[in-house]
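The residues making up each chain are set out below.
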Amino acid sequence: ETGVTQTPRHLVMGMTNKKSLKCEQHLGHNAMYWYKQSAKKPLELMFVYSLEERVENNSVPSRFSPECPNSSHLFLHLHTLQPEDSALYLCASSQVPARSTEAFFGQGTRLTVV
Amino acid sequence: AQKVTQAQTEISVVEKEDVTLDCVYETRDTTYYLFWYKQPPSGELVFLIRRNSFDEQNEISGRYSWNFQKSTSSFNFTITASQVVDSAVYFCALSEYNQGGKLIFGQGTELSVKP
Numbered sequence: 005e006t007g008v009t010q011t012p013r014h015l016v017m018g019m020t021n022k023k024s025l026k027c028e029q030h031l032g033h034n035a036m037y038w039y040k041q042s043a044k045k046p047l048e049l050m051f052v053y054s055l056e057e058r059v060e061n062n063s064v065p066s067r068f069s070p071e072c073p074n075s076s077h078l079f080l081h082l083h084t085l086q087p088e089d090s091a092l093y094l095c096a097s098s099q100v101p102a103r104s105t106e107a108f109f110g111q112g113t114r115l116t117v118v
Numbered sequence: 463a464q465k466v467t468q469a470q471t472e473i474s475v476v477e478k479e480d481v482t483l484d485c486v487y488e489t490r491d492t493t494y495y496l497f498w499y500k501q502p503p504s505g506e507l508v509f510l511i512r513r514n515s516f517d518e519q520n521e522i523s524g525r526y527s528w529n530f531q532k533s534t535s536s537f538n539f540t541i542t543a544s545q546v547v548d549s550a551v552y553f554c555a556l557s558e559y560n561q562g563g564k565l566i567f568g569q570g571t572e573l574s575v576k577p
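Protein chains in written order, with the numbering used here: chain W, 5 to 118; chain D, 463 to 577.
Rather than coming from a laboratory, the hints here were simulated on the basis of the structure.
No residue lacks a Cβ here, since even glycine has one placed at the ideal position from N, Cα and C.
Just to be clear, a hint being listed does not mean it is correct.
Distance condition first, Cα-Cα at most 30 angstroms in a straight line; then the derived DSSO-like pairs of lysine-lysine [said to hold, decoys possible]:
id, chain 1, residue 1, chain 2, residue 2
1, D, Lys-465, W, Lys-45
2, D, Lys-500, D, Lys-478
3, W, Lys-23, W, Lys-45
4, W, Lys-22, D, Lys-478
5, W, Lys-45, D, Lys-500
6, W, Lys-44, D, Lys-465
7, D, Lys-576, D, Lys-500
8, D, Lys-500, W, Lys-26
Sample of chain D residues lacking proximity to chain W, with all beta carbon distances greater than 10 angstroms (derived) [said to hold, decoys possible]:
id, residue
9, Val-476
10, Thr-482
11, Val-486
12, Gly-505
13, Glu-506
14, Trp-528
15, Ser-533
16, Gln-545
17, Val-547
18, Ala-550
Distance windows between CB atoms, simulated [as the list claims (entries may be wrong)]:
id, chain 1, residue 1, chain 2, residue 2, range
19, D, Ser-504, W, Leu-31, 13 to 23 angstroms
20, W, Asn-62, D, Val-476, 24 to 34 angstroms
21, D, Thr-534, W, Pro-73, 42 to 52 angstroms
22, W, Thr-84, D, Thr-542, 44 to 54 angstroms
23, W, Ala-43, D, Ser-474, 17 to 27 angstroms
24, W, Lys-45, D, Asp-480, 20 to 30 angstroms
25, D, Ser-504, W, Ser-69, 24 to 34 angstroms
26, W, Leu-31, D, Gln-464, 19 to 29 angstroms
Build out the structure end to end from the sequences listed, making use of the hints.
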């Protein structure tokens, strides 16, 4: 098993659909993150979960709803998305409070909203 | 405020050339960490290096080397004798001491190495 696994790898959804992105880490880390990578933009941090508690929400619209049931799993629930939400969504994990520890990333989910 | 700037959006070189990717950062913290990640076409970000703010020693790992200069707030990355497999987008990132592992990324530099 690779360190951080994301499913699905590709997702096409209509604006009225509801879908979920899944992330699983096998590294024993206690913090997980969702990042959004749009074309020609830097990666944007969306949510941070530390010890299964949400510690950061970077002004993300409510049509994105994260869930962290345990330290190994992270979900991003999607509903009534807009075409501008099409992007690569990356999940990462790290160990906190070891602040110098690097984050490990999954391969991402390429989301297209039609 | 924290910020990372990678002024080079795209770089194209011919195989075996040396190439340097620039990274300039801004932070008010005295303790912080700098990172480089590689993003191949498959999408995942691959960790390359971490540097903490107290360690200005340059590092070499095979064909890769990093030059950390606090005086100019720069953390540049050089690939020596580039290869086609080095083609990817490279991201520089900053994490501050009290930010719980949150990474601030630069815009990325797309490197294309042609045979």
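Verification of the hints:
1. D:Lys-465 / W:Lys-45: holds, 14 angstroms
2. D:Lys-500 / D:Lys-478: Roughly 19 angstroms between the alpha carbons, so the hint for D:Lys-500 and D:Lys-478 holds.
3. W:Lys-23 / W:Lys-45: holds, 24 angstroms
4. W:Lys-22 / D:Lys-478: This hinted pair is violated, its Cα atoms lying about 48 angstroms apart.
5. W:Lys-45 / D:Lys-500: holds, 16 angstroms
6. W:Lys-44 / D:Lys-465: holds, 17 angstroms
7. D:Lys-576 / D:Lys-500: holds, 18 angstroms
8. D:Lys-500 / W:Lys-26: Distance ~23 angstroms between D:Lys-500 and W:Lys-26 Cα, so the pair holds.
9. Val-476: holds, 25 angstroms
10. Thr-482: Check passes; 20 angstroms lies beyond 10 angstroms.
11. Val-486: holds, 14 angstroms
12. Gly-505: Label violated. Min Cβ-Cβ 4 angstroms, cutoff 10 angstroms.
13. Glu-506: violated, 4 angstroms
14. Trp-528: Non-interface label on D:Trp-528 holds, nearest chain W Cβ at 14 angstroms vs cutoff 10 angstroms.
15. Ser-533: holds, 22 angstroms
16. Gln-545: With a cut-off of 10 angstroms, D:Gln-545 remains clear of chain W, as the shortest Cβ separation is near 22 angstroms.
17. Val-547: With a cut-off of 10 angstroms, D:Val-547 remains clear of chain W, as the shortest Cβ separation is near 18 angstroms.
18. Ala-550: Label holds. Min Cβ-Cβ 13 angstroms, cutoff 10 angstroms.
19. D:Ser-504 / W:Leu-31: 13 to 23 angstroms: holds, 19 angstroms
20. W:Asn-62 / D:Val-476: 24 to 34 angstroms: violated, 40 angstroms
21. D:Thr-534 / W:Pro-73: 42 to 52 angstroms: For W:Pro-73 against D:Thr-534, whose Cβ atoms are near 45 angstroms apart, the range 42 to 52 angstroms holds.
22. W:Thr-84 / D:Thr-542: 44 to 54 angstroms: Check passed, 50 angstroms falls within 44 to 54 angstroms.
23. W:Ala-43 / D:Ser-474: 17 to 27 angstroms: At 19 angstroms between Cβs, range holds.
24. W:Lys-45 / D:Asp-480: 20 to 30 angstroms: Check passed, 29 angstroms falls within 20 to 30 angstroms.
25. D:Ser-504 / W:Ser-69: 24 to 34 angstroms: With Cβ atoms ~27 angstroms apart, the hint holds.
26. W:Leu-31 / D:Gln-464: 19 to 29 angstroms: Because 25 angstroms falls inside the window, the suggested range holds.
In this structure, the hints that do not hold are numbers 4, 12, 13 and 20, in rising order.
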